[in-house]
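Positions 30 to 106 (this note's numbering) are the ones given, in order, by the sequence shown.
In case anyone wonders, no lab produced these hints; they're calculated from the structure.
A virtual CB, placed ideally from N, CA and C, is assigned to each residue, including glycine.
Heads up, a few of these hints could be off.
Cβ-Cβ distance ranges computed for the label pairs, FRET-style [unchecked claim]:
id, residue 1, residue 2, range
1, 38, 83, 29 to 37 Å
2, 50, 98, 23 to 31 Å
3, 65, 37, 24 to 32 Å
4, 95, 47, 25 to 33 Å
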Amino acid sequence: EGSFVFTEPNELLLVYILDSPQPGDVNLLVSGGVNPYRYEWSTGETTQDLTSVTPGTYFVTVRDFFSCAKVLVVVVP
Numbered sequence: 030e031g032s033f034v035f036t037e038p039n040e041l042l043l044v045y046i047l048d049s050p051q052p053g054d055v056n057l058l059v060s061g062g063v064n065p066y067r068y069e070w071s072t073g074e075t076t077q078d079l080t081s082v083t084p085g086t087y088f089v090t091v092r093d094f095f096s097c098a099k100v101l102v103v104v105v106p
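Turn these sequences into a full structure, and let the hints steer you where they fit.
Pasting the structure below:
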């Protein structure tokens, strides 16, 4: 007989950093969930980070391998 241990991944955690390395850049940091991650920005971009965006409010949906999703609001002043 064998035993199985199932562990759930940690919840997705999203954090962003503005103006790094250039003004208007948004760097998105993702942890938790299971790689690979998919990105869907309100701009239509599907990359992890945005570059040279104008001031405004942006939304990003991040999905992990199991399609667990988290939405983050990014405000660029």
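Hint by hint, here is what the structure shows:
Judged by the Cβ atoms, the range 29 to 37 Å given for residue 38 and residue 83 holds: they are separated by roughly 35 Å. A beta carbon spacing of about 28 Å between residue 50 and residue 98 agrees with the range 23 to 31 Å that was offered as a hint. At about 18 Å, the CB distance of residue 65 to residue 37 disagrees with the hint of 24 to 32 Å. Here the CB-CB span from residue 95 to residue 47 is close to 30 Å, well matched to the stated 25 to 33 Å.
The structure is inconsistent with hint 3 alone, although it conforms to all the rest.
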